[in-house]
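Based on these hints, arrange chains F, D, R and C on the given structure of chain X.
Single-letter residue listing:
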Amino acid sequence: MVIEINPQQQRKDNSLTIPSPTFYQALLKKIQELHGDFGAAAIREGFAAKYFNERTRIAIVRARHGPHKLITSVLPFVKEVDKKKVSLVTLYTGATMRQCFKFILNHQQKKINEICSTLQSEEEKVAIKEALLKFNSTQTLS
Amino acid sequence: MLSPEIWNFKAPDSLVKVEKGNIVNNNCFNTIQKLHHNHLVSVVLPDTLRVPQNICETLKNDCEYYKISNVGLDELVNINFINAFVRKGIFISLSINERIDCDDCMCITPNGFLLLSLTKETYESLGLEGTPSHYYNTKQRYVVSINLLSNHFKPGKKNYDRTKDRLLTLKKMTLLINWEPPHLDICPSSVAKYFDDLKFDVQVCLPDFQMRTNYTIKVPNFTMDNIHEFVEWLGMFSLESDLGGGGESYLSTYETPQPYQEYGQVKFLQWRGFFSSQQINKLLEVLISHLKDEEKPWISLYVQGFSDVVVGWDLQEHHYYTNGDNGYVIVLNSEDYMVYQHMCSKKSYK
Amino acid sequence: MESVKGYFDYNVTDKCISNNFENIAKQLYDFGYHTIAINQTIDESLLEESISEGKKKKKIERQDIVPSPIDAKIIKGCDKLKILNRLTISFTTQDIINRIIKSPNYRKYHIIAAQPESQQAFQFTCTNFEADIFTFNPSTKPNYKMQRKLYYLLVERGVHFEIMYGPAIEDSTKRKNIIATAHMYHSFGKSRNIIISSGITNSFLIRNPYDVINLGLLFGLSDGQAKDAIQNNGRNVYMHGSTVLEFVCWKLY
Amino acid sequence: MTLTSSDFSATSKDSGKVYLFNLLKENLPRRTQSELNTLTDSTFVFTTNARKKGKVVRTKKQFLTRKERKKLNILKLPKQDWKYDELCEMRELWKQYMRNNLNLYPKIPTWEDPNWTNFNITLAKSEFIGAELTVIRSKNVNQVGMRGTVVLETKATFQIVTPKNELKILVKKPSVFTFTLDDMKFTIFGKYAIIRPSERSIKKIKTLLLPDL
Amino acid sequence: MYYYLDISFVNQDITAALFKNHIITSIKHVFGEIAAAIPFDVVKYDPSEIRAIVRVTQDHYVKFRGSLTLAGYYQGKPCAYIVHKVSPLLLSLLGDSRTYVH
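Protein chains in written order, with the numbering used here: chain X, 1 to 142; chain F, 143 to 492; chain D, 493 to 745; chain R, 746 to 958; chain C, 959 to 1060.
Hints listed in this document are in silico derivations from the structure and should not be mistaken for laboratory results.
Heads up, some of the hints might be wrong.
As the list claims (entries may be wrong) - Calculated lysine-lysine pairs in the PhoX-like style (CA-CA distance at most 20 Å, straight line): (1) K572/D - K29/X; (2) K936/R - K281/F; (3) K30/X - K986/C; (4) K909/R - K306/F; (5) K913/R - K300/F; (6) K300/F - K936/R; (7) K572/D - K314/F; (8) K572/D - K492/F; (9) K978/C - K666/D; (10) K335/F - K230/F; (11) K633/D - K29/X; (12) K281/F - K918/R; (13) K299/F - K884/R; (14) K600/D - K313/F; (15) K986/C - K29/X; (16) K69/X - K152/F; (17) K884/R - K281/F; (18) K574/D - K313/F; (19) K497/D - K314/F; (20) K152/F - K682/D; (21) K314/F - K666/D; (22) K497/D - K281/F; (23) K666/D - K1035/C; (24) K497/D - K313/F; (25) K69/X - K986/C.
Claimed, not checked - Covered by chain D, per the in silico footprint, the following chain F stretches (three or more residues, Cβ under 8 Å): (26) 144-158; (27) 243-249; (28) 255-269; (29) 287-299.
Stated by the list, open to error - Label pairs and their calculated CB-CB ranges: (30) K69/X - E404/F: 42 to 50 Å; (31) A95/X - D155/F: 26 to 34 Å; (32) D155/F - K507/D: 38 to 46 Å; (33) V158/F - A95/X: 36 to 44 Å; (34) A95/X - V647/D: 27 to 35 Å; (35) K69/X - Q458/F: 36 to 44 Å.
All values reported here derive from a predicted model rather than from experimental measurement.
Even for Gly, the Cβ is constructed at its ideal location relative to N, Cα and C.
So here's chain X without its partners, still in its complex pose (with noise of 0.2 Å):
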């Protein structure tokens, strides 16, 4: 699953620092919360979650097929990660890795054409396209 993590308080570049097992251990304790022991035991088997982009605050979660459910009916209740308030957006749920990146890729494509029309000068959008792509999808999870 492909997942975008909203602040509440907007820092001046959008981005957001959060450290992989911190968003790890929270949504587990989300899941142990409202799906219990059986639900947090459920999961446990394949379940990985990675904080990839700072920028473009996207983070991947991997579970298996049956135990997904779980995560999708939790992630609206997740409201805050390594102390900072967010709140959890699931823009993709997809069955292999590489249905992932491709939707992150024209994800962020998307971006750069809003930030690109709002800006006028020219070595501005050079700067925000290159840092948007500075994502590669070579990068396997743990």
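Just chains F, D, R and C, lined up with the frame of chain X:
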């Protein structure tokens, strides 16, 4: 990697058959015929001040049954026993203190079948022809059926001798016996005397009878559409649970089904023991005659079979997954009747 | 080779032998467990000192590392209850096993359970250790990697996988480990050859067989498998436990 | 250097040697000329795999072929006229054979003793003809309860004579047999005994056997 | 479409409301908040024997009964729920032929 079901689990299912119709051509009787071994009978009589004596008597006098402990099964196959009791009158018997899902059980049906439900090991060392049970796909349980009344089942015949000495190898069981003599002058206790001479310890058991009256009860009138709520109310009433009296109570949100009337007294009668289907028939006739002469909203009769019986409904195999109940509810009023049959499910567990 | 019947409970720990075993056995029998196994464990750690001090003293003391099986004096009231002896060996390396197998007490046990603690030990159980039950320690996460191939290898050799519900009742981390391992068994080998046992230490943790069948559904077993978990698979374990080396075996008359 | 046919026909034994000498002198390299005269006494075999073709001697036939035996129907035992009590001395003989077969062990071992396995192996290798077998458990149900003296044992069946003087064929695979010797009761699991009796003494049975049907 | 359970509570005596409350907490413990909202009714409560009849919908029955078996502690002290009889028909809880002494 396939992951197990974690969201909605399916409860073990059971089979319900509902049958409605006009009281004139009711066939409650053949449903009663189907269930041979009955353990618990309960009757609900709304709006009655005094229960007529003949209702209480039908299942009380001469309804004794006998408990015989550690009987070898070859006694039941011995020919003069068959000629004396099984051929004449209606003879039913059942093994108790044995679990149908892990031990070996025995039962005799009125039409003269001796049925054994055996585990794999006892079946293989018994040596009588049997069919693997429908519910276990790994052939862990077998059902052996011996027809006692068939005419070639006589001493001297190969089949008879083999059955007799093979049954010796089975372990001894405690049995319940209920025999109805063909005509009235033979006393039903001659079965007990027969076993007494053979030096088995025989106990006479009387069915225990309870009667209870509840006052000012909201009774739903019997309509053909919401049968389930009606049967549920019957259960609530028989177990004396709170019938959703006041407003919102924390404990239970149960309300009596809507079109109800208030009655001063409602009687609840319950018999427990070992009854044959003929005795239940007599009780139903008495109830129908009682319904005719006194005007009643409705009358309900609930009969529950044994949970460890080899054959549930008319030679259909019975099993005990987490609950082994088979029973039926009959509700009558002046124009129509309803039979609510509740059986164990027919699916074998995979 | 007497026939064993009724429901099976293969993990009555020896801790509950100390305090009034009678009413525990009585309660088990009334619930329907006609065959139980008293479980004695050998932990590898306590084996260490016995070996090391053996070397120090240079005297090979013949102390047998396998405790002698508790002979169940017939408990009052339920002589029908069949009591077996089970030995659980939790080990990380292979060399302990050879010492255990050689000890004379080892052959007195009806059922042998293996509890590997490391990948190498797990590999050894899969290939050539004659165990009847494969158990795991609920309080720690399993530190060996299970695969589908190894699971089926164990299934062909007739080894049964044990899930305990006693510790699941006591403590929530144990409960999570047990449920996660049960789901892992389901995803690796469609939860074949699974038995559910109690692993009880006191009489409050005993549950009746139909609750255990319902618990089996939660552990990812189908309804037939849940029923077999405490009934037919128990019989297979007993049969596997008493394998004979020749097709002729004998008993005194 | 081409040989003409005349060389061959005219040469007698010693001229062959001379011819050989010249042949070697020409072909061998210069350096080995001196050893040539030492070569005279070694013999060279030029024909590679010539084998003496002897006449094939057919071994004399010891026994009838299977087809002949079938024609004379020796293979099948007669169904009728068996006398159970006539076989009693055969039973005694077998008991005697089993006793001295088993008294190699002073104390009969139990399951825990170390020599339990080889006690079993001697049992497995012993002969069963003449034993008094009863079937205690079997998958096909009408075989259960049969009792009799084993008269013939084949790969898949025991043929027994029951006390009612009938010859019965018991299939080994689905059933469990027992026989008693003085005060000891022996159980045989049929499905592991499916070996031809002649091979049974030779074959090593080392698999793990489940005592179950 | 309902399932009925005949449950008795071992070890301490406890009032009806506390009984239901403890069931809810044990469900929350095992299956979490979402499952704690399972609608179930304690239809009959007998304080002398601490025995109750509970009605639960059919698709929540397995989770409900699972959390009952996995409930082990009440206010620190060990406790246990014993399920005597279970049936989709309420009338069959009137009597159990297995435990009846003739």
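Going down the list of hints, with the structure as the test:
no. : hint                        : in the structure
1   : K572/D - K29/X              : violated (48 Å)
2   : K936/R - K281/F             : holds (18 Å)
3   : K30/X - K986/C              : holds (13 Å)
4   : K909/R - K306/F             : holds (19 Å)
5   : K913/R - K300/F             : holds (17 Å)
6   : K300/F - K936/R             : violated (29 Å)
7   : K572/D - K314/F             : holds (14 Å)
8   : K572/D - K492/F             : violated (31 Å)
9   : K978/C - K666/D             : violated (26 Å)
10  : K335/F - K230/F             : holds (16 Å)
11  : K633/D - K29/X              : holds (18 Å)
12  : K281/F - K918/R             : holds (18 Å)
13  : K299/F - K884/R             : violated (24 Å)
14  : K600/D - K313/F             : violated (29 Å)
15  : K986/C - K29/X              : holds (14 Å)
16  : K69/X - K152/F              : holds (18 Å)
17  : K884/R - K281/F             : holds (11 Å)
18  : K574/D - K313/F             : holds (17 Å)
19  : K497/D - K314/F             : holds (16 Å)
20  : K152/F - K682/D             : holds (18 Å)
21  : K314/F - K666/D             : violated (45 Å)
22  : K497/D - K281/F             : holds (15 Å)
23  : K666/D - K1035/C            : holds (19 Å)
24  : K497/D - K313/F             : holds (13 Å)
25  : K69/X - K986/C              : holds (19 Å)
26  : 144-158                     : holds (count 7)
27  : 243-249                     : holds (count 3)
28  : 255-269                     : holds (count 3)
29  : 287-299                     : violated (count 0)
30  : K69/X - E404/F: 42 to 50 Å  : holds (49 Å)
31  : A95/X - D155/F: 26 to 34 Å  : holds (33 Å)
32  : D155/F - K507/D: 38 to 46 Å : holds (40 Å)
33  : V158/F - A95/X: 36 to 44 Å  : holds (41 Å)
34  : A95/X - V647/D: 27 to 35 Å  : holds (29 Å)
35  : K69/X - Q458/F: 36 to 44 Å  : holds (40 Å)
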